[in-house]
Amino acid sequence: MAETLPEETTGTAEPGAAPAEADGVVASADDAATDDTATPATPEASDTAAAEDEFTEGWISMHVWRGDQQGGEFVEFTVEEQEGEVVLDVIHRIQATEAPDLACRWNCKAGKCGSCSAEINGKPRLMCMTRMDTLPEGPVTVAPMRTFPIMRDLVTDVSFNYEVAKTVPAFQPPPAPPDGYRMQQVDVERGQEFRKCIECFMCQDVCHVIRDHEENKPRYAGPRFFIRFAELEMHPLDTNDRRELVRQQGGLGLCNITKCCTEVCPEHIKITDNAIIPLKERVVDASYDPVGWLGRKILRRTKRSPEEASAGSQ
Amino acid sequence: MAEYESHSYDVIVIGAGGAGLRAAIEAKGRGLRTALVCKSLLGKAHTVMAEGGVAAAMGNVYPEDNWKVHFRDTMRGGKMLNNWRMAQLHAQEAPERVHELEAWGALFDRTKDGRITQRDFGGHRYARLAHVGDRTGLELIRTLQQKAVSMDIDVFMECKVLRLLTDADGQVSGAVGYWRPTGEFITFSAKSVILATGSIGKSWLYTSNSWESTGDGHAMALWAGADVIEMECVQFHPTGMVWPLSVRGLLVTEGVRGDGGVLRNSEGKRFMFDYIAPMFQAETAKTEEEADRWYDDHANNGRTPDLLPRDEVARAINAEVKAGRGTPHGGVYLDIASRRPAEYIRRRLPSMYHQFMELAGVDITATAMEVGPTLHYMMGGVRVDADTEAATVPGLFACGEVAGGMHGANRLGGNSLSDLIVFGQRAGIGAADFAEGRTGDPGVDDAQVEAVVAEALAPIERDGGENPYDLHHELQETMQSLVGIIRTGSELEEALEVLGQLRERCGKVAVGGGRSYNPGWNLATDLPAMLTVSTAVAQGALHRKESRGGHTREDYPTADPELGKVNFVQRQTDRRGPDAPITITPEPLPEMPPELRELLEDGH
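Note that the protein sequences, when read in sequence, are chains R and W. With the working numbering, letter number 124 in the first sequence gets 124, and the count goes up by one each step, no holes. With the working numbering, letter number 263 in the second sequence gets 263, and the count goes up by one each step, no holes.
These are computed hints drawn from the structure, not numbers from a lab. Hints may be right or wrong, so weigh each one.
For the chain R half of the interface with chain W, some residues (derived, Cβ under 7 Å), not all of them [to be verified]:
id : residue
1  : Gln95
2  : Lys112
3  : Ser115
4  : Val164
5  : Lys166
6  : Phe171
7  : Pro177
8  : Met183
9  : Val188
10 : Gly191
11 : Glu199
Cβ coordinates follow ideal geometry from the N, Cα and C atoms, glycine included.
Bound-form chain W, shown alone (with noise of 0.2 Å):
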């Protein structure tokens, strides 16, 4: 057994995004011995590309908001497929976690009376946004890291965890990893551990998502035998940048829209008034003119169709593409510029107007820009209990984007950043009094170690063979074109066949160099973790033969209500890791309390 460095805690939270840190820093202040372990340099998480703000129901600008009106837009906007319980606690903590932040350091934008002010964001019904003009993400994470880095919290950056440890009884009991600076390896021991590392995009094409992004919680704990759920409900923002290169994937806040912008196709025409679901008929604009007066009288005007929930925003979309109305590079317009004056523009989007300018040398209060569906965001991820994130293996908890059930279906614009701060203080909370009555250190199996070790050597090692960069492009390519943003069930099908071969060429990549600060070797490591979650999303996709929210059947177009009722449940069994099979089984949501179901029914 070869001597690693090695650590040994009563918490470690893996990933230091919002979620993350959040968490971290809840542990921590239990008096717990926290570390933070993260793939890049604090503070750079995915996190700070959040632009629109965070989603409470404060009532500083519309006082008849509440958090019974946030749970009703939540469920309705996850097309009933969030876990009730989650969607409650965090319409009810939101606020709570806001004004923490604000104490911690934060520093939102004002109403006229000196109040954290709100934003009208898609599937709100009132402006419930707290915001920092469109850099809120930035300012929530700086404002967290701030606070862990003054709590000395242990943070072991450029460290990527390639595995969970489990002890004899099955609990997770730590994790292993390596420096990406160095290369050597490292092992923690630890009572809880927190998986907060973020989403799955980087499997994709086109997507907003960074390179960090590559499933690793998902799939560490499908390896240690947890639950994963909801894995086809894969969010595609509706207005990615398609055009210029440099600028592509890039998001165009839905901030956009809130502030007048408009979307239209090649003939000029605001094509959204023609994608109005029977859902939201009742509050939504019938004309123009009256969209148009809806921003300046929210009480008198039906909201402008531009702000429909992302998914039926994506799906028109792609719908005006397909039907040969899109631009020439496959997106259609977004428009504020005719429709707002340049000094407004600037004044409301200005970190948006600054980088298409610095970036692509487009001036978004002169030209209208040319957007599309571009993955964003994962709703499924690891099953939790709502109100302490345990996932379904002893020891293991999860927050943020790698947990599932928060969002349902369809995540609303504002609730991520609001999850991260409401599940990443009850994970830390949970994690928290787990490690407390675990007695003991649980030590680290050197079997396990030794086995991922020669795994992720086996790269380095291997004496020619795959190019981890081309089968990273051909797997980024099957998914984006079977597994996208509309899918039919022979396509899921010829994907999972691919899915297979690729992870058969997975074992024989190899790549040159050594191990200090070698992307081509930590693209290697990554790449296991990129299969398994892409298996997992596509074999979801092919069971739920319906379309709800992020999940649309071409096939299986409408919503089916019995398929409404379930979650599809993915877990390994008999054998586990990156060749195992992932097993796939329908179970009920968890009932909602005839109280809160009223509160769904009511009209508001």
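The shape of chain R in the complex, shown without the other chains (with noise of 0.2 Å):
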């Protein structure tokens, strides 16, 4: 088992961080004391200058972002380069060693829970699919995503996307026929690319509308929303129209296309190109195309019928 530098597990702080990371710090020197971290190190330590060398080149700085609402900055971790380690792994070295209160989400460790997003070097990422040695030289820093409020560490309140989901109305398929629905897989495909989203929220992280802009988080549905919403568009069988919701609630307009999500999708959804463009012709097409108006302001209009769903769907 791999075990942390203990001469630098306590003084490696950045200098002046000292008050406001006084929790951390006392808790890993309370950890270091209480177990026995400091021995299996030491004999690697007094070996020749030779593994000296070795020793300090198969190090890594880690610059893991620790604080709650108040405040918080960077705390440097030194830990042992291992062979075949993902950021997650290094984290997880680091709670059983130093920082037994390091918080950080994590579920599948596996790329498809969504759970473990970091901006990692700056840029969001799965901790869980972010590959050590695809990190350039020098320090790694792992910090939350900076557009959602901090909880503590590198956990954030996404609390903000649960809230835009309850918004998007359900799915609404014609009745089944007696010996089910019948769907060509072409059809099914266009759909399947947006349900491969795990729900990481790193899209809605990058994206500048809402990162920059607290204030259009109450009128912006982001663009994990925006493939739900063209997911359900796009779905053979549904009935329900969501366009003008999309629009006016959804703030699809405020997206500018830069493609920043399209970027960061770790299940490489082209978020912008399939979704979020069609998204916007269909509603430019549903809100200014004056027969269209016409026609729904004289029948009312706002669901296509079960038939007319399930015609386009053969």
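Fit the two chains together into the complex; they arrive one by one in their own frames, and the hints show the way.
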């Protein structure tokens, strides 16, 4: 089991950082005192000069943001380099040795649940999917997602996303035929691309509409929910029409297609090209097509009929 | 008495994976006040990890498939230790539950004529698994999550439940837990409580399970006086990655073998042909040539032995490694690269391809994978009534992985997702019926709450003591080496002794920091459940003196027909709780009606 470098555990905090991170550092010191982390590293440290060079070479400097709503800063942890590790492995080692109370979310450690989103060297990444050996030489910074309020350390309050989710009208198919719905593979594939979303919320994190403008949050659904709207809009069986909703409450117009969301998507969903742009086109059609507008005014229709929807799927 | 946040519901569901979500949807659909309480964010549960598909005899690909064949496959896979009624209900109701998912927005892969397509999987007679590429679990959980959200079910996310509460009559009447973000305690009064807490894997070193799988539900049921059964029946997935480290514990779906992948030892030999048990000989290929023809012509060829039920495969891999024919890292090779074109592999297994490339720099279209047995699934669990999922304590229900009986001694791939939706719905109905019949608010017993709170706070208040991470690691090493895939009596006895020591040390755990989102403290509050469950597994394994399904005894290598007729039932009687002893007794399996027994006997 790799150990953290003991003599640097508590002394490496950035100068001047002492007051705000006092809790974290004190916890580390207590921990180092109560278990035997110091002992196993000693034999290596007392080896020859050549070994000592290798020793320093084989260590990584992790700058992990620690703090809460009141504030915080980066704390340095020096950990031994190991083959075939991802950032989350290293965070776990720090928890198990120096900082047992270091907060981070994770579940599957396989890139499937989208829990461990963080900003690694300034870029939104899944910690479980970022190999240490792909990061450039030098210290690695790990910070929480900036767009959401801090809970503690690497954990943010992502409830904004769950609130937006509640505003999306549910899927509404026509009644099922006796032998089940029929859909063609090519038709379900469009929606399947969007349903690959693991809700890591990194597209929301990187989207400048809310990243830099807190005031936009109440009127902006964000890329994750644009793909949800697009998925439902393109679903062969759905009968709900959400175009007006995504334009008005969803704030689709605020997106100026900079494609930042697409770049960070760990599932490589083409958020901008395949969801947002087609959605913008459909919304424009719905809002500004004078014949359609007049038709809706007269018939007061907001939904496609089930017959129409299923006819579209044949 | 301190003031805690408190809530009152008709039904609370603990756990928000597939089973919990499905149960909550059912209870809420009945118009009952329903809450869903989960340790993580909504939609992150272990269900997302299921890749292969959901088993349902819809007959879309093979019209000759039906529930009777599915029932037979399930019982045979479970080595007849299954609760026959659960296996029957599961086989009968799975197709309807899958169609229901589609009506709620799921987008399954299609056949040419536009129906839900189905794929082959180990132990299933016909291609039966409805799927979405290799991310079926995600599709299932997202569909149920979106349905639950649209029904406005109250969700308590990142809320860890510590203990069930009982009333004066011993009926379950609620639960007490804490919010992980703040560490503040919370109580629930509930007429019915549904456990849907999933698995136990985190007590082992090599597991596919996430940190959440600490066996909370198994343990809480025991502590509330409920029976658990078949705790010795733990499934090790035969093909978890053993190397490189960044992917260790990741499972390689059986779909790889369904789509042409084969197992080879270090000599390059397809060794599975040496491990075909007599009961599978009739339907399994005798030669590599026949096996290779089978992929395109199921009717005239035996199935490749690479697709034998997963316990058979796991045991074969273990034997090869022990015989010195394993890989440098203690596994065997899973080779699809040399057998199928790269384009085909990328299309059939997109997320697996993507995952290995990104995580480990391994290209599965070019090189063989190094795989070995990894703890994957818990067959044993809370003893329930097959029709209602009621536990043996009134007011308590269980569904999904935390419930026992459905899968017997071994679960077939694909039967877990169908288990979640079939018994999730039934538990929702059972709990709703019970809640409707229970008058008044059960209330919350302050003394019980205070005792639980004091126990939970002790590691924070204690001044110096055991590091919870160290204790956890020791537990994992103990269970991995002494209660792993191959077991022996002496090792199990040793394990029970070590577990006793660990339980004592668990009372001395101390953590630094505060209560707000403190993983060290969270782990400290998970440890009592992990120790209780580990003890039950070791104890069950010691008493089942035979090899059956997922349970393999080196000192009792064959199945004992007499033990095939009993469940080992464990419970706490006089004293209850993390430090109380657990008794174990063999009890006869429910009697199967003759018309179902016939289904198992005829050849199909």
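Hints, one by one, checked against the model:
The closest approach between the C-beta of Gln95(R) and any C-beta of chain W is roughly 6 Å, which is under the 7 Å cut-off, so the hint is satisfied. Below 7 Å, beta-carbon pairs count as interface contacts, and Lys112(R) has one with chain W at about 5 Å; its hint therefore holds. Interface hint at Ser115(R): satisfied, since its Cβ lies 5 Å from the closest Cβ of chain W, which is below the 7 Å cut-off. With 7 Å as the threshold, the beta carbon of Val164(R) stays out of range of chain W, its nearest partner Cβ sitting at about 11 Å, so the hint is violated.
Hint on Lys166(R) holds. Least Cβ distance to chain W is approximately 6 Å, under the 7 Å limit. Annotation: interface hint on Phe171(R) holds; nearest CB of chain W at approximately 4 Å, less than 7 Å. With a least beta-carbon distance of about 11 Å to chain W, the hint placing Pro177(R) at the interface is violated under the 7 Å criterion. Restraint check, Met183(R) versus chain W: the minimum CB separation of about 6 Å is within 7 Å; hint holds.
Annotation: interface hint on Val188(R) holds; nearest CB of chain W at approximately 4 Å, less than 7 Å. With a least beta-carbon distance of about 5 Å to chain W, the hint placing Gly191(R) at the interface is held under the 7 Å criterion. For Glu199(R), the shortest C-beta to C-beta distance to chain W is roughly 6 Å, which falls under 7 Å, so the interface hint holds.
Comparing the model with each earlier hint shows violations of hints 4 and 7; every other hint is respected.
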